[in-house]
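Asks: Here are the chains, one letter per residue:
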Amino acid sequence: MSANDNADRTSWLGREFLTWLWFESERNSTHIELENIGAVAVDFGQSLVLEAPGLGADGNTVKSDAPTQAEEARTALRTGKKVAKTRILVDHGEQHYEVSFSAETFTFGAAKLPTVLTSVDDERLDERLALFDRLEAILDGLYVKFVRLRMDDEAWAEVRAAMYRWVVTPTE
Amino acid sequence: MGLLNGSASYSRFVTLGELPEEAVEQTWADALEANGFREIQPHSEEDMSAGWVRFDDAFESSWVPAEVIESSGVVVLRMRIDTLKIPAVTLKAHLIAVEKDRMKKLQRDKFTKTERDQIKVEVKKDLRVRSLARMQLIEAAWNIGSGELRLFSTSKTIAGTFVELFEKTFSLSLRPVGAITVLWLRGMSEEDLERLESLESERFHLAGR
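Just so you know, the protein sequences line up as chains S and Z, in that order. For the first sequence, the working numbering assigns the number 1 to the initial residue and increments by one for each residue that follows. For the second sequence, the working numbering assigns the number 1 to the initial residue and increments by one for each residue that follows.
Derived by calculation from the structure, the hints in this document are not laboratory data. Hints should not be assumed to be uniformly reliable.
No farther apart than 30 Å at their CA atoms in a straight line, the calculated lysine-lysine pairs in the DSSO-like style are these [said to hold, decoys possible]: (1) 85(Z) to 168(Z); (2) 105(Z) to 92(Z); (3) 104(Z) to 124(Z); (4) 112(S) to 156(Z); (5) 113(Z) to 124(Z); (6) 156(Z) to 113(Z); (7) 156(Z) to 145(S); (8) 63(S) to 156(Z); (9) 105(Z) to 125(Z).
Covered stretches of chain S, as calculated for chain Z (at least 3 residues, CB under 8 Å) [what the hints assert, rightly or not]: (10) 37 to 49; (11) 75 to 83.
From the three backbone atoms N, C-alpha and C, an ideal C-beta is built for every residue, glycine too.
Bound conformation, chain S alone (with noise of 0.2 Å):
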């Protein structure tokens, strides 16, 4: 294997995939498809922190219900700002998840999953496990999703554009 995470180089990646996936679930907030796992519902929990590269401390924490409506979110997207960490909520059919993101350093904060069914110890180990390979493969899937479409010239062409008005265009 060479592939390896360099986190100088690599850390505008993942602010890139939340800020696109911010901008995916308002523009297609019903379902976004994903091989192999179908349809899942995306939004966004009560925190949203979007930082500059190189600002660090100087980032915004948004704190609210919907945290992607307020105006400082949509304001800081405007400065150039851009996604580091937020709690995103996920629906796979009757499936419910909530997991803090970290863009930088990948790591998943306080993921809720939904309820085990079992009360058997090696069973319900077996069944938390199978939860969080659904939940890596929902977010990793989604992360390729926004990979492949970042590296499709064309396609991307569309979407940074439609981005940009995304991000310049006041909120109602």
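Given the coordinates of chain S, work out where chain Z should sit on it, guided by the hints.
Replies: Below, chain Z alone, put in the same frame as chain S:
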């Protein structure tokens, strides 16, 4: 909280290297025991100890080979970290009290630096014997088929301790899963990964100019 219950905060890793071909359970049971948790000796200078304990018993560091790998091909690990550090403010308060007491007994009004250093060592040892170590139990689940490992902590310090212990125990390298590694895990080709590195960050707020 974490692996079995409640909400979970975790970091992802992937192992690099070849697994032993034979008798892996016995090899790993021995390796886990060899790197098992050892209590901090209060009379020593050691202020931190980290090692493996059984998932079901924080005071047991021996394994039955047949129980090392779950039927689902997952190795469930639990690392115990004990720290025994006397807070500076506590040490200073006790040191002042002991010095006062001794000066009174010896009818002196001050000690030399060497004497004060000696008293400090004695006070520190006494406090360590009277203190309980702070215990942390960190869980991990390692899928030996895919090589993916979840460490139920997002602390960089704990991750560093875990990686060192894991690599020493299993003779495998552990790499954090980040922006590029996750793509490799999900099947992106080396060629695409190289191409990705040539992309530049977008400035969406200026993209229309």
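Asks: Checking each numbered hint in turn, tell me which of them this model violates, lowest number first.
Replies: 6 and 10
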